[in-house]
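Trainee: Got chain A; can you put chains B, C, D, E and F on it based on the hints?
Here is what each chain is made of, one letter per residue.
There are 6 protein chains.
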Amino acid sequence: MKTVAVRNIQRADSNAIGTFASLGVATVHEALGRSGLMRPYMRSIFPGAQISGPAVTVLAQPGDNWMIHVAVELCQKGDVLVVGCTADNSDGMFGELLATGLRARGVKGLVIDAGCRDVKVLKEMDFPVWSKAISAKGTVKSTLGAVNVPVVCAGVNVEPGDAVVADDDGVVIVPKKWCVETAQKAQKRADDEVAKRRRWEAGESSLDMYNMREPLKKAGLVYVDKPEDV
Amino acid sequence: MKTVAVRNIQRADSNAIGTFASLGVATVHEALGRSGLMRPYMRSIFPGAQISGPAVTVLAQPGDNWMIHVAVELCQKGDVLVVGCTADNSDGMFGELLATGLRARGVKGLVIDAGCRDVKVLKEMDFPVWSKAISAKGTVKSTLGAVNVPVVCAGVNVEPGDAVVADDDGVVIVPKKWCVETAQKAQKRADDEVAKRRRWEAGESSLDMYNMREPLKKAGLVYVDKPEDV
Amino acid sequence: MKTVAVRNIQRADSNAIGTFASLGVATVHEALGRSGLMRPYMRSIFPGAQISGPAVTVLAQPGDNWMIHVAVELCQKGDVLVVGCTADNSDGMFGELLATGLRARGVKGLVIDAGCRDVKVLKEMDFPVWSKAISAKGTVKSTLGAVNVPVVCAGVNVEPGDAVVADDDGVVIVPKKWCVETAQKAQKRADDEVAKRRRWEAGESSLDMYNMREPLKKAGLVYVDKPEDV
Amino acid sequence: MKTVAVRNIQRADSNAIGTFASLGVATVHEALGRSGLMRPYMRSIFPGAQISGPAVTVLAQPGDNWMIHVAVELCQKGDVLVVGCTADNSDGMFGELLATGLRARGVKGLVIDAGCRDVKVLKEMDFPVWSKAISAKGTVKSTLGAVNVPVVCAGVNVEPGDAVVADDDGVVIVPKKWCVETAQKAQKRADDEVAKRRRWEAGESSLDMYNMREPLKKAGLVYVDKPEDV
Amino acid sequence: MKTVAVRNIQRADSNAIGTFASLGVATVHEALGRSGLMRPYMRSIFPGAQISGPAVTVLAQPGDNWMIHVAVELCQKGDVLVVGCTADNSDGMFGELLATGLRARGVKGLVIDAGCRDVKVLKEMDFPVWSKAISAKGTVKSTLGAVNVPVVCAGVNVEPGDAVVADDDGVVIVPKKWCVETAQKAQKRADDEVAKRRRWEAGESSLDMYNMREPLKKAGLVYVDKPEDV
Amino acid sequence: MKTVAVRNIQRADSNAIGTFASLGVATVHEALGRSGLMRPYMRSIFPGAQISGPAVTVLAQPGDNWMIHVAVELCQKGDVLVVGCTADNSDGMFGELLATGLRARGVKGLVIDAGCRDVKVLKEMDFPVWSKAISAKGTVKSTLGAVNVPVVCAGVNVEPGDAVVADDDGVVIVPKKWCVETAQKAQKRADDEVAKRRRWEAGESSLDMYNMREPLKKAGLVYVDKPEDV
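Residue numbers (our numbering), protein chains in the order written: chain A, 582 to 811; chain B, 582 to 811; chain C, 582 to 811; chain D, 582 to 811; chain E, 582 to 811; chain F, 582 to 811.
Just chain A, with the same shape it has in the complex (with noise of 0.2 Å):
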């Protein structure tokens, strides 16, 4: 590892974040191809928030939170910064006074494989985190680790720059070079969805929108009337 904070990186396409952050994770993460998405432990703080915006990446090791100090004044307006840890950690890297500073810079919100504090002030600052755990342990300012290098968060790799999309669903992240092709794949399958959406409410049975009945059949469904037929 390389102890280097990056001070200018490539942002992913604003156009694409911006229907990013109307779409949600779930319809991205499918037009990506069912890839980039976080482990399901990554929660949000509080129900509601939904984001997008390019990542200022931070790797930081466990139980300091040094570099996030760092990253702070690397941040743009409309960042969201993206933590990474070298071990599993859960304590409370975040809190209310970074959370201040990071709102000062216009930055969206946060993603942490580690920890988060001061929950009930984060949720009156309407400041959104998307963490592992919550957790009052404080951290130490002693080890370095990098700031805009590549860090893996909660299972994904995160390019700086790259779009990070969060809500009540999760977080994925869309590689900068995928951003405006993922929109448009994005785009189109939520609009494909309205119509769907009006049989689903007509109750009519998914097997037949889709065409399943044939296939359910040739890969070897059996109806039968009672249970004891089985």
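Please keep in mind that the hints were generated in silico from the structure rather than gathered at the bench. None of the values given here were measured: they were computed from a predicted structure. Do not rely on the hints blindly, as some may be mistaken.
A pair holds if it fits inside one copy or across any two, identical chains being indistinguishable in the list.
As the list claims (entries may be wrong) - Quick list of in silico lysine-lysine cross-link-like pairs, DSS-like style, CA-CA up to 27 Å:
no., residue 1, residue 2
1, Lys701, Lys758
2, Lys758, Lys583
3, Lys701, Lys769
4, Lys766, Lys722
5, Lys766, Lys583
6, Lys722, Lys807
7, Lys769, Lys807
8, Lys583, Lys757
9, Lys807, Lys704
10, Lys807, Lys658
11, Lys777, Lys757
Mentor: This is chains B, C, D, E and F only, laid out in the frame that chain A set:
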């Protein structure tokens, strides 16, 4: 495993189900002799829901929601869909569209030993789901399972038609043949608690209310005045 | 283990407890030298509660809540009941009736390294509980434990009368003899943060506020302009 | 739950059981249509054991091994004891003396969804146990459960007399009525693998052996020469 | 937390320790009234070790092994080092060199509520370790903890000098003042089992040996002949 | 995710790999600046194996081992196969036949962030596997992933050709471009330890060896004679 879908099942007594819905999980579980409770990792995706209904069961392969689509059209008004998997899985097998389909048929809710997604929309729809995880991870439709066969869900065996009771405390399953008897016991238990609650409110000790002083003494409990006396 | 119940305990300083209740867990935990924090699996059953009080302690056998009944009548106004187990357990050892009994005696809340049930009613009662799990699993009353002896709860040793502080960030225990000193340190810490917060809000970098630029450089942190320079 | 002990049960076909013991878990699980496998947290307390036998089942309350004592005298030569619990539990419900009693009756081993102790002695006795945990935690004998009723063990429903197959890969349950058919399929599968293994040993690609090149192409797999071509 | 190292401690009775070492964890845990057992996630890094000795205790910050270095020179021949952490941690705080240092001082083994590394060499050295995890993750030496103060390790409070007993079944702690009495009870328990074991070997039912038939009947156990009779 | 298989990759320096294989995981991880270590849930299926080799990478969908079949023929003598999944999974994606195929091509071992089966045979073959779980759960071959693209495995990003180092302490990944430098640092570290080990064996305190007495004092460590002095 037979890859089969059973069309018609016998459903638990509807009066008993009404009683279960009004009394909730803890009381019904006690009336059933403290059995039938799903593992506590099963949590409601939003607080406050309390339902009961006969189970339509699905046995699914992990990461594959094909059989849920098959199950939808076999559901009736008042049913609760119960999904078990052949292996541990937290993928988002269920979301907004399937919920719309179930709602259209009058289904009361879902219990799934896997993941759920679109939770924000499900909450807006007020469609209750008890799941092991929240995850946007998309699933495939490629391997058969079964519908309306016995399935194990979160540690409990569920037969098609058994009564499902679910609230903020978890999920309990009452076998069809024991529903009427269990509903009576549960109602009696609830009635008995009314008087007891008043005595608790008045500050009476449960050691007196339940005659526990003598058994405690017999079991060897000793009271001392100060920590130093231990 | 002595199967004993201690009637009279020395309780932590009430002024310190008042300070703890107003400042919350994160600040008190830092003032205590970053120790005394329970494991982060201890979570409040509803958000927003923030309490402090002297501990009445219970050592229970898993799946057996007999000693909680014994403990209720040994509680005083303002106390917090703390329950540890001799083995891992998530059964629902505590519910509505016990909460009614504690409320009648003026107890502020419960901290239990096991499960809790009737959470909907507890929320309506506004009776706060920090627990390891929510579970309707019923428990027996057959094996003795102890009341007001030292117990380990979620990784922390709790002596009877120690100060319990609990909020949305978790639970911290302050040993009786360190309460006054810790309250002073915690208050000072909170006071110091007021001024700091304004500087954070104004967008000042914490690297300047806390003089971290020199130590970072000395530790070997290198700034580069672009990812390619790493 | 009926607190009952059933004396006589119908046991799975003994020839099938002989086949299962020789082929092991993975092959039998596949022959059963990839179902019936217990959760992978069930592990053998020492490596190398491979057994099969009809299940004598126990439903126990957590932390209480009374019903295991009841079950011992209902076991016959060749049986495997299977213990499920009404709630998660890792206490040491089983040890040296119970193993001695089972050994005296010719029982082949134990499968328990809880803890086991005296593992050093059990290893010396060569008495195989598959358990969720190893724990010295002692248990009580105070609450009834049942013997030879259906029980869920590590995610699988086990009827009395069903075939248990256990080895270093885990534990699979074959329902009585499917044993003969499953044994035949499993044997055929094992026979087929003999020829296949030689082709694998010779370095032949499985893409050719199983004709997967065409399906892979059809599904959209693209081969490129260098990482830069992706 | 006081950042302090205590040089001289009172050690548990050496005769009792000799008895504990010969009888092992399960027997001692029972003799202690089924308390004092560490959580079952504590596992030996190789099978077969069985030790007892007075505890030298370390309270460490997660990911920081500085205090273990401090503790080494405070150990005496026959001691067991016990390490607790202020937060969950699985980093490899202990390895070959520290083991070499402890071995040089005659220390019998290590019990650590965190990770351990160099396990291959530790096995060759026959230096027993009970740990929460095996992990190569390196640690820092930057934050103080304490030596020979009370620490919570894997759910149990350990006072300096308390007797540690560890084998393949786990780890139990016997408070200094109860060692002599517990050793006597444990020895009696072991002696009583000798005769019992012969009766078990002869196939006698424990229901007769321990007079459980009557209590079972009284508790409501019903025997039936066939599953259909349930 | 591009569904692609890359035929030719650049492999890490073979001399460095030889060094890594001889020194093992803990030393290499330290030389790499304490980064690159997989999560400690990755465990060897049998003790004693210690290997290093360039990574051939597989990105698989959970419960689907199709891409492992594709990867086999892209492996060369000396490689290590590394499998990551798009979601948490413990199914038995790998067994005896795939191991036979890899062995035929000279592959040294497997690292898989999922389950493994046929462990008894794999042990007899002496084919080392580091996995998240042991499970007989069979998998399908229906959804594409990718071969020789960057994958996240157990928390670490692995590029094709990176050096994999694995032993009883876990698995560490060294990026290709840092292999030569890391091998030198690791060798130096190992050489330095030889002299240190002798001093440890002689009973010298590490506080003197590493000059820690002064820093400890400066950090505030206080020595006292007796527990009462704390």
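Trainee: Now tell me, hint by hint, if it's right for this structure.
Mentor: Hint-by-hint comparison with the structure:
1. In the homo-oligomer, the alpha carbons of Lys701 and Lys758 never lie at most 27 Å apart, since the shortest distance is 37 Å inside one protomer and 29 Å across protomers.
2. In this assembly of identical chains, Lys758 and Lys583 lie within 27 Å of each other by CA distance both inside one copy and across copies; the values are 25 Å within and 12 Å between.
3. In this assembly of identical chains, Lys701 and Lys769 lie within 27 Å of each other by CA distance solely across copies; the values are 21 Å between and 38 Å within a copy.
4. Within a single copy, Lys766 and Lys722 get their C-alpha atoms only as close as 43 Å, which misses the 27 Å cut-off; across copies the closest is 20 Å, which meets it.
5. In this assembly of identical chains, the alpha carbons of Lys766 and Lys583 lie at most 27 Å apart only when taken from different copies (14 Å versus 37 Å within one copy).
6. For a Cα distance limit of 27 Å, the shortest separation of Lys722 from Lys807 across copies, 25 Å, qualifies, whereas the shortest one inside one copy, 66 Å, does not.
7. Proximity of Lys769 and Lys807 under a CA criterion of 27 Å is satisfied in neither setting, with 42 Å inside one chain copy and 32 Å between copies.
8. In this homomeric assembly, Lys583 and Lys757 come within 27 Å of each other (Cα to Cα) both inside a single copy, at 23 Å, and across copies, at 14 Å.
9. When the C-alpha separation of Lys807 and Lys704 is checked against a cutoff of 27 Å, the pair qualifies neither within a copy, at 52 Å, nor between copies, at 35 Å.
10. Taking CA atoms no more than 27 Å apart as the test, Lys807 paired with Lys658 passes between copies only; the shortest distance there is 19 Å, against 62 Å inside one copy.
11. For the identical chains of this complex, Lys777 and Lys757 are neighbours neither inside a copy (30 Å) nor across copies (36 Å), given an alpha-carbon limit of 27 Å.
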